[in-house]
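J.: Below, each chain spelled out in residue letters.
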Amino acid sequence: MAATVVSLRRPKPSRQIGWIRGARAILNGLRITNGHFMRNLWGHIRGKSTVFTVQYPEERLELPPAFRGMPVLVQMDNGMPRCVACGLCEWACPTDCITIFPAETADEVERYPDVFDIDMSRCMFCGLCEEACPEEAIVMSHEMEIAAFSRRGTLWHKADLLTPVEKLESRLSHIRLGYERPASPPAE
Amino acid sequence: MAKITIDGETIEVAEGEMLLPAALEHGVHIPHYCWHPKLSVDGSCRMCQVDIEGAPKLSIACNTPVRDGMVVHTKSEKVEAARKGVMELLLVNHPLDCPICDKAGECLLQDYSYSYGSNESQSSETRRKLEKRKDIGPRIFLDQERCILCRRCVRFCREITGTSELSVFNLGHTSVLDVLDDQPLANDYSVNVADICPVGALTSKDFHHKLRVWFLKKTPSVCPKCANGCNVTVQHYRDRVWRVMPRRNDAVNDTWMCDHGREGYDYLSAADRLRQPLVRRGAALAEAGWDEAFDTAATRLREIARGHGPAAIGAIASAHLANEENYRFAQILTAVGTDRVGLPVPMGPSDDLLIKAEKAPNARGARDLGLAANGGDGARDLLSAAAAGELKALYVCGSDILRLEDADLIDRALAKLELLIVQDLTLSPLGERAHVVLPSLSFVEKEGTFTNHAGRVQRFHKAWESPEGQLGDGEIFSQILGRLAEAPRVYDASAVFDEIAATHADYAGLSYDSLGSAGVETAAAPAQPGEGRAL
Numbered sequence: 591m592a593a594t595v596v597s598l599r600r601p602k603p604s605r606q607i608g609w610i611r612g613a614r615a616i617l618n619g620l621r622i623t624n625g626h627f628m629r630n631l632w633g634h635i636r637g638k639s640t641v642f643t644v645q646y647p648e649e650r651l652e653l654p655p656a657f658r659g660m661p662v663l664v665q666m667d668n669g670m671p672r673c674v675a676c677g678l679c680e681w682a683c684p685t686d687c688i689t690i691f692p693a694e695t696a697d698e699v700e701r702y703p704d705v706f707d708i709d710m711s712r713c714m715f716c717g718l719c720e721e722a723c724p725e726e727a728i729v730m731s732h733e734m735e736i737a738a739f740s741r742r743g744t745l746w747h748k749a750d751l752l753t754p755v756e757k758l759e760s761r762l763s764h765i766r767l768g769y770e771r772p773a774s775p776p777a778e
Numbered sequence: 020m021a022k023i024t025i026d027g028e029t030i031e032v033a034e035g036e037m038l039l040p041a042a043l044e045h046g047v048h049i050p051h052y053c054w055h056p057k058l059s060v061d062g063s064c065r066m067c068q069v070d071i072e073g074a075p076k077l078s079i080a081c082n083t084p085v086r087d088g089m090v091v092h093t094k095s096e097k098v099e100a101a102r103k104g105v106m107e108l109l110l111v112n113h114p115l116d117c118p119i120c121d122k123a124g125e126c127l128l129q130d131y132s133y134s135y136g137s138n139e140s141q142s143s144e145t146r147r148k149l150e151k152r153k154d155i156g157p158r159i160f161l162d163q164e165r166c167i168l169c170r171r172c173v174r175f176c177r178e179i180t181g182t183s184e185l186s187v188f189n190l191g192h193t194s195v196l197d198v199l200d201d202q203p204l205a206n207d208y209s210v211n212v213a214d215i216c217p218v219g220a221l222t223s224k225d226f227h228h229k230l231r232v233w234f235l236k237k238t239p240s241v242c243p244k245c246a247n248g249c250n251v252t253v254q255h256y257r258d259r260v261w262r263v264m265p266r267r268n269d270a271v272n273d274t275w276m277c278d279h280g281r282e283g284y285d286y287l288s289a290a291d292r293l294r295q296p297l298v299r300r301g302a303a304l305a306e307a308g309w310d311e312a313f314d315t316a317a318t319r320l321r322e323i324a325r326g327h328g329p330a331a332i333g334a335i336a337s338a339h340l341a342n343e344e345n346y347r348f349a350q351i352l353t354a355v356g357t358d359r360v361g362l363p364v365p366m367g368p369s370d371d372l373l374i375k376a377e378k379a380p381n382a383r384g385a386r387d388l389g390l391a392a393n394g395g396d397g398a399r400d401l402l403s404a405a406a407a408g409e410l411k412a413l414y415v416c417g418s419d420i421l422r423l424e425d426a427d428l429i430d431r432a433l434a435k436l437e438l439l440i441v442q443d444l445t446l447s448p449l450g451e452r453a454h455v456v457l458p459s460l461s462f463v464e465k466e467g468t469f470t471n472h473a474g475r476v477q478r479f480h481k482a483w484e485s486p487e488g489q490l491g492d493g494e495i496f497s498q499i500l501g502r503l504a505e506a507p508r509v510y511d512a513s514a515v516f517d518e519i520a521a522t523h524a525d526y527a528g529l530s531y532d533s534l535g536s537a538g539v540e541t542a543a544a545p546a547q548p549g550e551g552r553a554l
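Chains as they are written, first to last, in my numbering: chain A, 591 to 778; chain B, 20 to 554.
Looking at chain A on its own, in the form it has when it is part of the complex (with noise of 0.2 Å):
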């Protein structure tokens, strides 16, 4: 089949006016900017109340249940991971940051991660891990503040991964919720 050429035209602004719109839109521009500057600039000497921004690191948000921050390791009432080092979320990490390696405890559960590593330089904090997770053995939390001074500082082992269970409630709850889990966590 032969193609067609077709040709577009767009329609060229008028020129007429040109100064007058781009004079109205710099005064209006000027106008919004300098309107948050005052509000801002009260806001501050007067107390805080009508301040848009956030004095971050002083001052922070409430972070919702959905918010995806850093993974990290459901740590149980007697200091173990909950993990038992299935691997399945070592293998649905898109950017493989987690290195697992299991090992043999006498528990009932009897296999626990040995080694467990995210490479924070890697994850993109998708959540994937926390889907895959058939245990709710790693979830995302709240922690976002990852930066380190050298390529070695971002890889997390498992002591620095370890958060005890009563600081991950809300995640836990909102991830059964989504993935319509039975409310109550899984026999350990």
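Think of the hints as simulated: they come from the structure by calculation, not from any bench. One or more hints might be untrue.
The calculated SDA-like cross-link candidates involving lysine to any residue, where the alpha carbons are at most 25 Å apart (straight line), are [as the list claims (entries may be wrong)]: (1) A:K748 - B:K153; (2) B:K153 - A:V699; (3) B:K224 - A:F691; (4) B:K237 - A:K748; (5) B:K229 - A:P724.
Anything over 12 Å on all C-beta distances counts as not near chain A; from chain B, calculated [stated by the list, open to error]: (6) L115; (7) L127; (8) L230; (9) V232; (10) E282; (11) A504; (12) A520.
Since the structure is predicted, the reported quantities are computational estimates derived from the model, not experimental observations. Where a beta carbon is used, it is the ideal one built from N, C-alpha and C, also for glycine.
For chain A, the structure is supplied; the task is to place chain B on it using the hints.
T.: Okay, now just chain B, sitting in the frame of chain A:
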């Protein structure tokens, strides 16, 4: 020949063959648990039921001989309903252990559950509680809850090893797989039951909770632990061998291998592996570049050949090296003009199944290439000659002589030498006394061929690339040979094999590619009488 129709496709199979193997052979997959190509038919899992026209009800394909004109349906509604029912019953008591089960990823119950099972369970009863992680032998854990009672392991122990340790006790829904207390599963082939177990009931202690199987990369290879040359798959991850499993070869090992062949591969990734050549400077060994090591070795060999005559140079060949490498080694010996060579072959227990007495993979290949004095091993004679002062230089491949000969003899032999070249994976006590130490590569880091006890030439493949600056034995030999004589310094296993085929009558007509995955027997020789029997 019988003509049968499976799912509308007509195939020709041998009369009397069972339907299941015939279908599998022709690419029709009928799911099955208890049937195994090398074991007798049990018919206990009921998974392979198919619909045969004219039959009053479904028949199990594993125990139904083909008949001319048979019309079989493997995907009809009736069959699928039956499979779903079988899966449901098999899963009634199966624990939801998959996250901690070593079999996950290669588990037939898991795979078939996805392909043929149902998503819902109708049972409301609790699953039965049985013993988990039961220690039934030195190499095997038994998890009775996971067992689906297919009895493959029971038949293996009865029919292949003849030891009958495993058995199914009790009747009906109380049936349980177990061993008697005074008869643990301790035969030399016990880990095979973990391989053939379709679920995670029998697992290898060596691999227990080590790694998820889907991370393992698989490289076809040949077991280096004895002269039988069992075909294996080296399973590795992050440049480490995690397990070795048998690979089917009906001419060598069927689908089995012994337990010794699966163990002891930690040395391959040990921290004390040599990575750089060492050359003696004064009293101490110092790290050197490859060129310096090659030059030193070649120059000193030439000097000694000139000064003391070629007969002052001896060589200890290795039965652990590939044919191609040993061929190059033989060329080095020809180049310096000596024929004083010994081949130490470690010996050990053997049986009439797979385990051979010679505990090296390529003793026969080395003998075929003329690397053994008078057909015997000759290593002791060579050391005695060295102790008597006849030898001035010794080129040792591997460290087998340390295991075989007494330390005193080795000590006296080494004391008289002016040049000792040692080529090995690690710095052995032999290497510590050497003048040149050449670090080489193991069988998983290079490729080549081994000739097994029966004269079958089989290829092994490279599992992972070794770090930059590491050379295999073949490359090392070629470099030294190139300095001693007019010869190419590059090494290509395939080309060297062609050279062997051109120069050795036994190997005539063979080529690297024609060996395939199963290997080819050399023109020379049937198996030695009394050794090996067809399984």
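J.: All hints are to be evaluated individually against the structure, with a verdict given for each.
T.: Hints and how they fare:
no., hint, verdict
1, A:K748 - B:K153, "violated (30 Å)"
2, B:K153 - A:V699, "holds (14 Å)"
3, B:K224 - A:F691, "holds (16 Å)"
4, B:K237 - A:K748, "violated (29 Å)"
5, B:K229 - A:P724, "holds (19 Å)"
6, L115, "violated (9 Å)"
7, L127, "holds (19 Å)"
8, L230, "violated (7 Å)"
9, V232, "violated (9 Å)"
10, E282, "holds (18 Å)"
11, A504, "holds (49 Å)"
12, A520, "holds (44 Å)"
Of the numbered hints stated above, those contradicted by the structure are hints 1, 4, 6, 8 and 9, listed in ascending order.
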